[in-house]
Amino acid sequence: MIRDALLFQLGYNATLVTLGAMLLGMAAGVGGTFLFLRKRALVSDAISHATLPGVGLAFMVMVAFGGDGRNLIGLLGGAAVSAALGLLGVAWLASRTRLAEDAAIGAVLSVFFGFGVVLLTMIQTMSAGQQAGLEGFLLGSTAGMLRSDAMIIAGAAALTLGLVLALRRPLTLAAFDPGFAASTGLNVARTDLAMMGLVLAVTVVGLKIVGLILIVALLIIPPVTARFWTERTDHVVVLSGVFGGGAAYLGAAFSAALPDLPTGPIIVLVGFAIFAVSLLLAPQRGVLSAVLRHRMFQRRVHLRQGLLALAQGQPIYEPLTLRLLRREGLALPDGVATPAGRARAGKALLDETRWQLVRQDPSFEAAAAHYDGLTPIETVLTVDQLDEIDQRLPQPHEVSRP
Amino acid sequence: MSGSEFVPLSLVPMLIGICVAVACALPGNFLLLRRQALIGDAISHVVLPGIVVAFLITGAATTWPMLLGAAAAAVVAVMAIEAIRRLGRIEPGAAMGVVFTAMFAAGVLLLEQSDTSNVHLDVEHALYGNLESLIWLDATGWHSLADPAALAHLPVELPRMALTLLAEALFVALLWRPLKISTFDERFARTIGIATGPLGLALVVVSAIAAVAAFDAVGSIIVIAMFICPPATARLITNDLGHQVVWSVGFAALAAVLGYVLAGYGPLWLGYHSSVSAAGMIATVSGAMLALAAVFGRHRHRTGDGAAL
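Keeping their order, the protein sequence lines are chains A and B. Residue 375 in my numbering sits at position 344 of the first sequence, with consecutive numbering throughout. Residue 98 in my numbering sits at position 97 of the second sequence, with consecutive numbering throughout.
Next up, chain B with everything else stripped away, as it sits in the complex (with noise of 0.2 Å):
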């Protein structure tokens, strides 16, 4: 394939989807070893109802309104979940499951009782999103990336998510020793002096603004198998943190470029003339990497299981 075809149409798409998918995979390291990996299915559920909210507040589809809600929203959430918790006795994965369904269902009725039929605003959209759409029309060829006229149109998620993914990235490398001890052995850290609660917090936040800046590009389904999948995969072939996350940014990226190929490309070579969600696509390719690590990952057992020797 030519430049001139696979720059305004595919490149674009292509780096958003790898932004996003190892931004989430990033935090979803950490979530997955202290048994919070639901937390990004809760959020992206909980972010609808933010867009929504600030949609009616301000009768546009303007992107930092929207962000601001979704991100109110998922704090609304988190604090909601915990007062549920304590309040009520529950245990974390009821009161999860109490609040992000109702907020969901607010979020489409809100969406059903309002005129949202001149933006693009529906709850498919919210699910899964529109990769393909984020072309970049003004380039024609790979020289466009030096032309600044072309460059000052490309895609506003674009720049979006790379800087959100720089954000995710410096949070993992900068709190890289707090995060991995607090992580293994909370007691330990507080003796050395660690603030678990509020890195906690920051954890779940940080995880928020992913789940949130790659909502508004890609829907809710990349972003919660980005936070499990990569993660997980890498989890079943390394004993080793730094190696884990390392691996799980490689099998994010991976699965973003594979899973956009395949939806772009893979039916037309079956005889089909028309492409598949990409969204769907990457999260079905992370799914069948984590499957292949499941069977045959090195580390896939539990340590103390005879079957691991």
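Next up, chain A with everything else stripped away, as it sits in the complex (with noise of 0.2 Å):
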């Protein structure tokens, strides 16, 4: 059943809603870029919960009109409005008023939410509205969905991402450095406009598949996993989109072959599990990857230090160093050095020394500045430069007799 689904093998409704999701998911994926990069991720969130009092009044509006009510052009359309107008209400509360934006998207989320609600409760009352199943735009549901809406939704998912992909210029400069986009004569303003309203497309289209709570999910999950595996803005885009594609793709097809699995959770959890593997396992950024990277340094620290205090003669308490010591074969159990012990501990006063005297030679600053007590000192300057520096050690003695 489920390869069935994810080989688009269920049926021609459930085929074109899988895809839908998918293109969804990767225009989501994509747009959500731009706006996690303008660290305005939760700005989504104000749109999609404004997108409520526009279903309910399009749908009481259809009625009026002696239509169905039920046409998912007119209630999407009627979605758009209402959350263009939410997107204007964040945007004037936040450059108008005091307030800052995350009081403005609160509010506007709550309180266009709170109407919609106030909308549904007069529907259900409405001779038309008993099976309106406006609740569906709540969560998402894409069991049963006519095949005309699921044409739309596919077609609407296309466009969006098109239109994703043909601004996706402009859209990172502004992202990645907005000073330096107006300086080349992008108008910043219009480019972040046309962020908002593809957001606002993703929103729009994603209502009838993973609903309006939800939807936010595929816009911020995606880009933040991301952002674990790569540092490049283009590569993040890319990446992003194909998360957020994967996540949307498996998804839908898990939903469509299980029952009682609703489309928009089942997509936000796969989203969320592809999010928690890259937290942990991703390269550079993961967890893993930095714990180990600390431990590492971690044991450096310890055998340097261990190493000059066997130089120096000096006892070592310190368990670990101690342990460390003895694993390389370098001291014994009772913190005696070995042979080769004292031959590298020779090297590392040695080094040692010859960083303290570069350190206070003004001529030398360039290379001082890499000083970090781990760095081996002829990595870092030429062997003339050794050599000048060995010149001032102090060369060794006779002890005079008394």
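To be clear, the hints were calculated from the coordinates, so they are not data collected in a lab. By construction, the Cβ of each residue, glycine as well, lies at the ideal position given by its N, Cα and C atoms. Incorrect hints may have been included.
As the list claims (entries may be wrong) - Non-contacting residues of chain B with respect to chain A, defined by C-beta distances greater than 10 Å in every case (computed):
id, residue
1, E6
2, V54
3, A72
4, L152
5, L164
6, F189
7, H244
8, G251
9, V262
Said to hold, decoys possible - Pairwise CB distance ranges, derived in the manner of DEER restraints:
id, chain 1, residue 1, chain 2, residue 2, range
10, B, L69, A, Q155, 29 to 37 Å
11, A, F211, B, L175, 44 to 52 Å
12, B, V77, A, P350, 29 to 37 Å
To be verified - Only part of the chain B face toward chain A is listed, based on derived beta-carbon distances under 8 Å:
id, residue
13, I85
14, L88
15, I91
16, G94
17, G98
18, V99
19, T102
20, L110
21, E125
22, C230
23, M282
Hey, can you piece these two chains together into the complex? The hints should help.
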């Protein structure tokens, strides 16, 4: 069953929905990256909650004009209008009043959603509203979707993805460095507007699949995940699209194949699973690699300090240092240096003494900046420079007899 | 309307609404000023999995396990947000977005997978609650307020919310000075010996308590609205923190009463025969107040803006 769903074998509608979800996930991942890089991820939360009154009003207007009220294009059109109003509300509150953007987001989100709930309860009492199924917009419902609706969603998702890809260059520029983007003649305000327009499009198209409460996850989780794997903006964009599309595709397929798995939550949880794996295992920024790097650094410091102590004949009390020296065969369990240990210790002491001379001499200032207590000095200075330093080393001389 | 109708049907929901609104608005003032306004949003989303897990463990929709589950989920969420923010070096807004959507999704999924048909537990209820259903059937009129037999059957949500409100008020009153100083100038607060770290955490915990207690009675939408709208409205009309808190309490209570009345009787005045969601209406009214303050408020502009004069 799952295999059938993954291979698009579950009938025409399910295939359309899965494809649509995948395209939407890719569009959301790419579009969300710009939002994330501009540090405005949660604006999308306000936009998505603000769609609800539009859905309700569109339904009521369509019924009032004698229509069915469940026309998907009409409902999504209403959603887009009220989401745009919500977005304007956030922008207006944040720019024209002293309220910060997070307060503006929260206010718009809760008030629009509250008003939407009022409209929903009104619709429930209308004679046409009993089977309106508008609750499906809260958490998404793809089960039993009409073929025409599935085609609209798949088409709109493809269109959104195309738009995101077309606007990729200016959006990347504005997200990465707004100041530089403005100096190249790019209108940053208009680019931001385009970005918000894309987010709005993703939100509206995603209403029926993921639902308005969870659609923000599709915009936030993939870029955050992608950020773990790379330091380059253009790679984050691509990876985020891949993660978003993958999560949506897998989620939609699972949901189509198994009973009682609502599409939206499954997509979000698949996305979160990819995020969790990335958080732990990503090569540079992942938790595991950070822990390993820290451990390796710690061991190098302990080993170095242990060798210096051996060279100067000081006792070692630190158990970790002693264990590391013993494991490397540099010291015996009682802290006495082995021949190999004495050799390495002598080398470490020479290194440290050379560094001290370098750091005392202002003409070596650039080289001295590399000192961190671990770097061997040969990797910083040339042979000639080392010779010059060695001239100044204290020379061995005979101890005069009393 | 006579007392025999008002007291059993409307008094208790209205009082609960006021308690919820004020209990959320009090910590909301400080969250707003600390730019943590969306904490309320995040918490009210993550309590859903906590409640569902508590239900699955105990097998019954009883109050205390659910409250504990919700509180535990809130703590888990706050810790997860901090962990992701620090470990992944991710901006707080995005970390919050990752955690609360994932936890909410998990809650919905658990709910759909488990058999909750015999209890009152569904996503819609979690979102916008059912304030109207908290009626006091044993009351027959105003005199029931002095009747121990009737009082014994008050909906349990009312004393619980009143207690929560008391706790919130005590927290704000007792820690007024440190809260105020650390909100406006955290560094100065540290130099005079205020433990700003634990204080900030305490504020989040207290907010979570308000959100969790309120969530059970009225759903999450009022919680989010009341954390933000009344304090934001008050912020636009005064420059003094004391005044702001007092005004926000007033606005919260007014929104609760006005919203409840409009939801219950507004449609009747317009010729409809049934009421609309009180929770949604209370949020809407608080939004209308904020909109008015944003247009007319005396201190709506940032200080330093030329337009302020």
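In rising order, the numbers of the hints this structure does not comply with: none
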